[in-house]
Amino acid sequence: MEKAVHLSTKAGPEVPGEPTKMSTSMVDSAAAAVQSFTPINQIHQHLCAFHFYAYDMTRQVEAHHFCGHINEDMRQCLIYDGPEANARLIGLEYIVTEKLFMTLPDDEKKLWHTHEWEVKGGFLFMPGVPETIQRQDLEKVAKTYGKVYHFWQVDLGHELPIGLPNIMMAVTRDGQLYPEMVKETEKKFGVSIEKERESRAYMTGPDHGIHPLANGGGKGLKLEVREVDLKPVESVPRVFV
Amino acid sequence: MEKAVHSSTTSGPEVPGEATKTGTSIIDTATSAVQSFAPVNQIHQHLCAFHFYAHDMTRQVEAHHFCSHVNEEMRQCLIYDGPDANARLIGLEYIVTEKLFMTLPDEEKKLWHTHEWEVKGGFLFMPGVPGPIQRKDLDKVSKTYGKVFHFWQVDLGHDLPIGLPNVMMAVTRDGQLFHEMIQETEKRFGVSIEGEREARAYMTGPELGIHPLANGGGKGLKLELREVDIKPV
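Chains as they are written, first to last, in the UniProt record's numbering: chain Z, 1 to 241; chain X, 1 to 233.
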């Protein structure tokens, strides 16, 4: 199978359907005027990085993360396939410090990946933010672990989010990402990954080193769906108020 | 196993870790001053509804959706376990019209659920929005299909998002949701589900009726993990 790469919302097929009607937008505006979107307002950061599928490194996707801190040790990020208004919501990522990662059960750890190489290699950056400010945060990110799922296989040209979630992974050494994909991203965002790499040489990864069970534990990971007996509501004694 | 219910961010265990430091907040403020969050700014709607696990209806979760339109036929929603600043991101949902649903491959359809009963039953509502305005949109929503995954088993008291994603489903008839959970939600948001149900009696579901392959096709669905050979670059 030839490689599959997805670089931005524009590069994918259009989601079928009419553009949003004026009347729909008006109802949306009316609702938005009275509602608050507090959890969304916590989002304070836009990070661009690359993910590949946990069972197929030839499929690589540019991933735009919009992140907020739950607390100092954990972030939760929405992933879109571009930074524009019409971007598709393609996944999400949880990011935790090494401290929290070490509390995870061993069979959970393989679903998480390290950020050290992505950050030190210069492949993860914050569009629009001066490098010196970026680095103040990225030096922390370099020590973290992330858990990513994608739900929309935009690199296969899917118009709709079909299929099961896909566990995604991030780069752990040089030579994994397609150079032409990386070059295009550099051009689009006016960044130099080489230069960033030099500036970030001082950064260090997790204090205890990269955990051997992380990053798939070296294996490919794929999800499957199983049909099972559905446990009915009636199986629980009901309490009526 | 006793039933597991999660009603809001305040009722779950705290995410372990220190509170966000001032230094971190300052950097966040600096970056958000220069960056734009256009995709996230499209979010125009907050919907509250209930999901249960596709393999276990005794596990029910109040789900706060923050939705935007991709176009007239499709919405994408982020799901949090509450409407507050410290809410956990627990899932996401895609919502499509019947027209788009019918274009899905048959084996895909079972991962999607219908919204007719949720909407007509009054269980899905937009906190803070007057009934007549809500209904203008919910009228459309009741004809749609949704695909939901949750990633954080807050109803089991997990303090971190461990485990595999879970396919989730929504109610398709009365008597499925736990009474006391509903009452608590009604109280917290000052809504009356009964009242809304009456007001929404005029609404209709998908024009071609509920597709037999949707809603798990009547079966429970569970995801499993397989270790495979990784295809190298």
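The set of hints was computed from the structure by calculation and includes no laboratory data.
Note that the Cβ used here is the ideal one computed from N, Cα and C, for glycine as well.
Careful, some of the hints might be misleading.
Claimed, not checked - Using 27 Å as the maximum straight-line C-alpha spacing, the simulated DSSO-like pairs for lysine-lysine come out as follows:
1) K140(Z) with K219(X)
2) K143(X) with K21(Z)
3) K143(X) with K120(Z)
4) K120(Z) with K21(X)
5) K231(Z) with K219(Z)
6) K231(Z) with K109(X)
7) K21(Z) with K143(Z)
8) K231(Z) with K219(X)
Unchecked claim - Where chain X lies over chain Z, by a calculated footprint (3+ residues, C-beta under 8 Å):
9) 91-103
10) 118-128
27 Å limit on alpha-carbon distance, applied to hinted pair K231(Z) and K109(X): Between K231(Z) and K109(X) the Cα gap is close to 21 Å, so the pair holds against 27 Å.
Agreement of K231(Z) and K219(X) with the hint, judged by alpha carbon distance not exceeding 27 Å: holds (10 Å)
Satisfaction of hint between K21(Z) and K143(X), Cα-Cα up to 27 Å: holds (17 Å)
Would the pair K21(Z) and K143(Z) pass a check requiring their Cα atoms to be no farther apart than 27 Å? violated (45 Å)
Against chain X, does the segment 91-103 of chain Z show at least 3 residues with beta-carbon separation below 8 Å? holds (count 7)
Holds or violated: are the alpha carbons of K143(X) and K120(Z) at most 27 Å from each other? It is violated: about 49 Å lies between the C-alpha atoms, which goes past 27 Å.
Does the alpha-carbon distance linking K231(Z) and K219(Z) stay inside the 27 Å limit? violated (33 Å)
Three or more residues of the segment 118-128 of chain Z near chain X by CB distance under 8 Å? holds (count 3)
For the pair supplied as a hint, K120(Z) and K21(X), confirm whether the alpha-carbon distance does not exceed 27 Å. holds (24 Å)
Within a Cα-Cα threshold of 27 Å, do K140(Z) and K219(X) meet the stated pairing? Violated, at about 45 Å.
The structure shown violates the earlier hints numbered 1, 3, 5, 7.
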